[in-house]
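Engineer: The chain contents come next:
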Amino acid sequence: MAKFAKKKDGDLPAVSTASLPDIVFMLLFFFMTVTTMKDSSLLVENTLPNATEIKKLEKKDRVIYIYIGKPTQEYAKVFGTEPKIQLNDKFANVDEVGSYILAERAKKPPELQNVLTTALKVDKNANMGLIADIKQELRKVNALKVNYTTYDGDAFNNLK
Amino acid sequence: MPRRKGAPEVNAGSMADIAFLLLIFFLVTTTIETDAGLDRMLPPMEPPDEDVIIKQKNIFTVNINKNGQLLVEDDLMDLKDLRTAAIGFLENGADGSCNYCKGKKDPASSDNPSKAIISLKNDRDTKYSIYITVQNELVGAYNELRNREAQRLYNRDFTEMESEYLNPETASNVRDELKDKVKNIQDMFPQKLSEAETSTN
Numbered sequence: 110m111a112k113f114a115k116k117k118d119g120d121l122p123a124v125s126t127a128s129l130p131d132i133v134f135m136l137l138f139f140f141m142t143v144t145t146m147k148d149s150s151l152l153v154e155n156t157l158p159n160a161t162e163i164k165k166l167e168k169k170d171r172v173i174y175i176y177i178g179k180p181t182q183e184y185a186k187v188f189g190t191e192p193k194i195q196l197n198d199k200f201a202n203v204d205e206v207g208s209y210i211l212a213e214r215a216k217k218p219p220e221l222q223n224v225l226t227t228a229l230k231v232d233k234n235a236n237m238g239l240i241a242d243i244k245q246e247l248r249k250v251n252a253l254k255v256n257y258t259t260y261d262g263d264a265f266n267n268l269k
Numbered sequence: 008m009p010r011r012k013g014a015p016e017v018n019a020g021s022m023a024d025i026a027f028l029l030l031i032f033f034l035v036t037t038t039i040e041t042d043a044g045l046d047r048m049l050p051p052m053e054p055p056d057e058d059v060i061i062k063q064k065n066i067f068t069v070n071i072n073k074n075g076q077l078l079v080e081d082d083l084m085d086l087k088d089l090r091t092a093a094i095g096f097l098e099n100g101a102d103g104s105c106n107y108c109k110g111k112k113d114p115a116s117s118d119n120p121s122k123a124i125i126s127l128k129n130d131r132d133t134k135y136s137i138y139i140t141v142q143n144e145l146v147g148a149y150n151e152l153r154n155r156e157a158q159r160l161y162n163r164d165f166t167e168m169e170s171e172y173l174n175p176e177t178a179s180n181v182r183d184e185l186k187d188k189v190k191n192i193q194d195m196f197p198q199k200l201s202e203a204e205t206s207t208n
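Chains as they are written, first to last, in this note's numbering: chain D, 110 to 269; chain Z, 8 to 208.
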């Protein structure tokens with residue numbers, strides 16, 4: 110019965126790692142599909158307020174972003190602590206908002222130019238004066254669809 | 008001469024390492040963005056040709072001062088009561104033509120949901136977070152009424168129907184069906200939220 114020689118006790122068979130690449134590839138594809146590359150780094154503080162009655166912004170290609178908030182610590186020395194507007198990668202003044210919207214709109218394909226939404230990502234500590242000025246600018250260039258981007262959460266947490 | 012056994016097999020042992028490297032790269036660059044918020048339409052720049060006369064009782068004025076206090080219809084009000092007050096105003100139905108309203112039919116308040124206008128005014132120093140909370144409550148008042156009617160007519164929530172309608176992944180035949188329902192509910196309580204320009208003092 111030498112054919113069925115008993116294995117020596119104690120040595121575990123090695124776990125096969127042949128399927129490891131498959132598992133990793135699966136994870137890889139998951140992250141590849143959900144990834145959206147950041148197109149601009151934030152120069153302003155951007156803690157959004159909470160709201161409950163929110164609607165999702167579908168279709169990223171139809172959205173123009175405007176960031177508003179206090180400059181972050183490293184920029185605070187140069188730009189002060191008053192809330193500022195960030196367009197793409199740089200700070201801007203209120204009167205530049207209109208031309209920015211027009212420039213962004215011109216970049217989009219013509220069939221989308223009438224359905225663009227302006228997403229205002231405003232820090233919760235900003236004040237309404239600046240927002241009112243921006244709204245006025247948006248009205249001038251006829252960009253009337255806005256979305257106040259917020260987090261999902263109880264709106265009364267904003268008051269604290 | 009030894010016979011060749013075809014191409015030698017490539018060692019695939021390092022495949023996992025390569026895949027890990029890519030995986031870590033995508034893990035680091037991933038930002039799952041929070042893109043949701045309150046949708047609003049700004050009024051167009053050109054004023055309408057003719058002046059529309061609106062009765063004072065059809066306007067629900069909400070004023071926010073710079074300390075975040077609310078003045079609703081000339082009375083100081085807590086933010087928590089705003090939603091109920093707005094609902095009461097919207098479905099008041101004083102002229103009796105609105106058969107789905109459950110309001111008090113107070114003659115000093117709005118005639119009809121289609122005529123009721125909410126006017127929001129704020130100070131330049133009002134904090135954005137307060138403004139968003141007020142907006143949220145007012146939109147919430149509309150949604151609550153719309154949900155109630157949608158439940159009555161179609162046995163489901165309006166907000167759910169609307170998000171399914173707006174979702175690009177919904178099949179087009181489902182969307183066509185939803186379109187009429189959504190439109191119908193929106194016409195029952197049209198969202199008329201006017202924002203005056205901010206005052207400076």
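There's no promise every hint is true.
[As the list claims (entries may be wrong)] Pair ranges (Cβ atoms, derived): (1) D:222 with Z:80: 33 to 43 Å; (2) D:220 with Z:34: 28 to 38 Å; (3) Z:194 with D:184: 29 to 39 Å; (4) D:161 with Z:72: 22 to 32 Å.
The set of hints was computed from the structure by calculation and includes no laboratory data. On a predicted model such as this, the values are computed, not experimentally measured, just so you know. No residue lacks a Cβ here, since even glycine has one placed at the ideal position from N, Cα and C.
Engineer: Decide, hint by hint, whether the structure agrees.
Structural biologist: Here's how the hints hold up against the structure:
| no. | hint | result |
| --- | --- | --- |
| 1 | D:222 with Z:80: 33 to 43 Å | holds, 41 Å |
| 2 | D:220 with Z:34: 28 to 38 Å | holds, 35 Å |
| 3 | Z:194 with D:184: 29 to 39 Å | violated, 48 Å |
| 4 | D:161 with Z:72: 22 to 32 Å | holds, 24 Å |
Violation of the numbered hints given earlier is confined to hint 3; every other hint is satisfied by the structure.
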